[in-house]
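Could you slot chain B onto chain A? The hints should help.
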Amino acid sequence: MNKTLKAALAGLAISTAMSGATFAEDIKVGILLPYSGVYAALGQDIDDAFALGLETFGADVGVTFDIVREDTEVKPPVGLAKTKKLILQDEVDVMVGVVSSGVLGAIRDTVDGAGVPLIVANAGNDEATGAACSPFITRISFSNQQVNRPMGQWMVDQGVKKVFTIAPDYAAGRQMIDAFTTAFTAAGGEVVGQEWPAFQKTQDFGPFLANAKASGADAVYVFFAGGEAISFVKQYDSFGLKAELSLYGSGFLTSALYVEAEGPAAEGMITALHYVPTLDNPENAAFVAAFMEKTGRIPSEYAVQGYDSARALVEAVKSGATDRETLAAALPKVSFTGPRGELRIDPATNNVVQPIHVYETVAGPDGLTQKVLATLPAEADPANGCVMPASVN
Amino acid sequence: MTTDLGFWVLQTLNALQLSMLLFLLSVGLTVIFGLMHFVNPAHGSLYAFGAYMAASLAGVLGYWGGFFLVPLAVAALGAVLYFTLIRSQRRAGPMAQVLVTFGLIFVAVDATRLIWGDLPIGIAIPAMFEGQLPLLGVEYPIYRLFIIALGLVVLAALTLVLTRTQIGAMIRAGVDNDQMAACLGINVERMFFLVFVVGCALAGLAGAVAAPVLSVTPDMGLQILIPTLIVIVIGGLGSLKGAVAGSLIFGFVQTFGAVLLPTLNSVLIYALLAAVLVIRPEGLLPAKG
Chain A
1 MNKTLKAALA GLAISTAMSG ATFAEDIKVG ILLPYSGVYA ALGQDIDDAF ALGLETFGAD
61 VGVTFDIVRE DTEVKPPVGL AKTKKLILQD EVDVMVGVVS SGVLGAIRDT VDGAGVPLIV
121 ANAGNDEATG AACSPFITRI SFSNQQVNRP MGQWMVDQGV KKVFTIAPDY AAGRQMIDAF
181 TTAFTAAGGE VVGQEWPAFQ KTQDFGPFLA NAKASGADAV YVFFAGGEAI SFVKQYDSFG
241 LKAELSLYGS GFLTSALYVE AEGPAAEGMI TALHYVPTLD NPENAAFVAA FMEKTGRIPS
301 EYAVQGYDSA RALVEAVKSG ATDRETLAAA LPKVSFTGPR GELRIDPATN NVVQPIHVYE
361 TVAGPDGLTQ KVLATLPAEA DPANGCVMPA SVN
Chain B
1 MTTDLGFWVL QTLNALQLSM LLFLLSVGLT VIFGLMHFVN PAHGSLYAFG AYMAASLAGV
61 LGYWGGFFLV PLAVAALGAV LYFTLIRSQR RAGPMAQVLV TFGLIFVAVD ATRLIWGDLP
121 IGIAIPAMFE GQLPLLGVEY PIYRLFIIAL GLVVLAALTL VLTRTQIGAM IRAGVDNDQM
181 AACLGINVER MFFLVFVVGC ALAGLAGAVA APVLSVTPDM GLQILIPTLI VIVIGGLGSL
241 KGAVAGSLIF GFVQTFGAVL LPTLNSVLIY ALLAAVLVIR PEGLLPAKG
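Chains A and B, in that order, give the protein sequences. Counting from 1, one number per residue, gives the positions in the first sequence under the working numbering. Counting from 1, one number per residue, gives the positions in the second sequence under the working numbering.
Bear in mind the hints are in silico, worked out from the structure with no lab data behind them. In this text, all values refer to a predicted model and were calculated from it rather than measured experimentally. The reader is advised that the hints may include incorrect statements.
To be verified - If we take Cβ atoms under 8 Å as the criterion, some of the chain A residues that face chain B in the derived model are:
1. T56
2. W196
3. A261
Cβ atoms here follow ideal geometry from the backbone N, Cα and C, with glycine treated the same way.
Bound-form chain A, shown alone:
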């Protein structure tokens, strides 16, 4: 017993010494995600896929990634406290995560002031890569406007001339719809009416649907996410609107994460998103297979954001970055072809530039699936007041 223990310890010591020799660098990564609260499922998808991404791409770069996880609870003050802990106490080299735009807004100044690079793996508020942009914040996920803008021209091309829009009355809802309507009217379409139900207080969309029906629109364009998306899609169908008024929207509406709960009501809805699990490319095939093997779930857009965040970090490390300063400089320069297609970071805003996929929710052999109708070319967001200091780049 004692002998084996000694042998084991000796072995451990040797392997530690060897690994010390092999891996010259340790990079400490702080993960800021909601592991509890309403977005816990999103946090889990990002976390699982981030780990998968580090395993897939980070195995042979000669660096060990130490992970420190913190739960933001989707509460801005909690997120801020956890960010300070990661920066000051854990002294992380880089942070990854942030699902809620509210949390991102709350931690922005701290991240910027401390000069610790942050890879945003979800939060899509336009300001984060607009007026409130920072050389230390690189967004690998999406921006609200980016996902919706291309649908404006595309729907006009499909012959839709008049739309009615519905979205929850909060910043993301406004940004998603405004980006769409601006592009839609510029392309010659007409917005005949808009409804803004109170965010997280509206469970019954019946009153708004009646107005949409009476408006004389050709189609309805909406943004909803999570539980609200499920309620909305089911109620839209139950009022018999699907047959007479086509439903289009931001792709979060029929996300792979929620579509099963929506059931047949979601069939035939056409939405746009930066990722769907049915994209036909070798990178995505490998990702879907690996993610399903690891978790048993089909990867959502949240998962791919976690996966690509890991890839971006690894690419930055491969380019020679080792600490806060060099990582911050290297992250905005990464570009690679991943499951979503070709990704690069716009140097003017540090926001990702990526193609947007228009997809229809259709019935497949194993339940509902996504049929990609069109892939719209990648387009950088306008700078929107973002001024990057020259010194960092």
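Just chain B, lined up with the frame of chain A:
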């Protein structure tokens, strides 16, 4: 749009449907309060449990299995709550009661997350109620008409029990003056238990009925709590008529406010609540005259 009769019919039906759902929830809460002077914020959690159980049972027994079993299961849960927590807090005063039952909400939210996960769940509308029915020139979803009908049936049954039966008379006596009722030989404590359990069953029923219309999420109990409390405060604590009136007022103000005065909608119902509290602090139709 507002001159079109169809618009008014449609929105009136929407308002009625919301009112009936709120009625199922608030009637239990208000009678429990009237009889026991006991506020139970965890009532909304029982509604959430009802919805989750209905979602689980829908996969095994179909919608109707859930519809009939869920109220019984939630009533059983209510009975367990009664014997473990509620009874011992009966004389503890309102502060302790609210703390205990408010704590229960958080326990319930995390319990539903542990059992059913974080992702919202949806269940299908039963096949016989799919589709729409032409009614006064509008096409209205049949399932929503079913909710309205169910609310009216429950209202009729409760009115009958409370006004025409001995147990109803005993409950009314208990609400009016529980000490006097006890002196007259009514076992107030047992009646109390009965009312509590029936109230829980109705909350469960509301959850089961709401599940196909809404998405089933861990925080749905919290979301419905505020409207339910507003309903019973406007209507008058402890009174069946008050719960009916409060539910109708809330349903109509919320629905028509949303479409006619969208910018004012989120404050409209609170403004009404404040006005009621200033002008008639005891509510519009209080239990005790």
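Here is what the structure says about each hint:
no.: 1; hint: T56; verdict: violated (25 Å)
no.: 2; hint: W196; verdict: holds (7 Å)
no.: 3; hint: A261; verdict: holds (4 Å)
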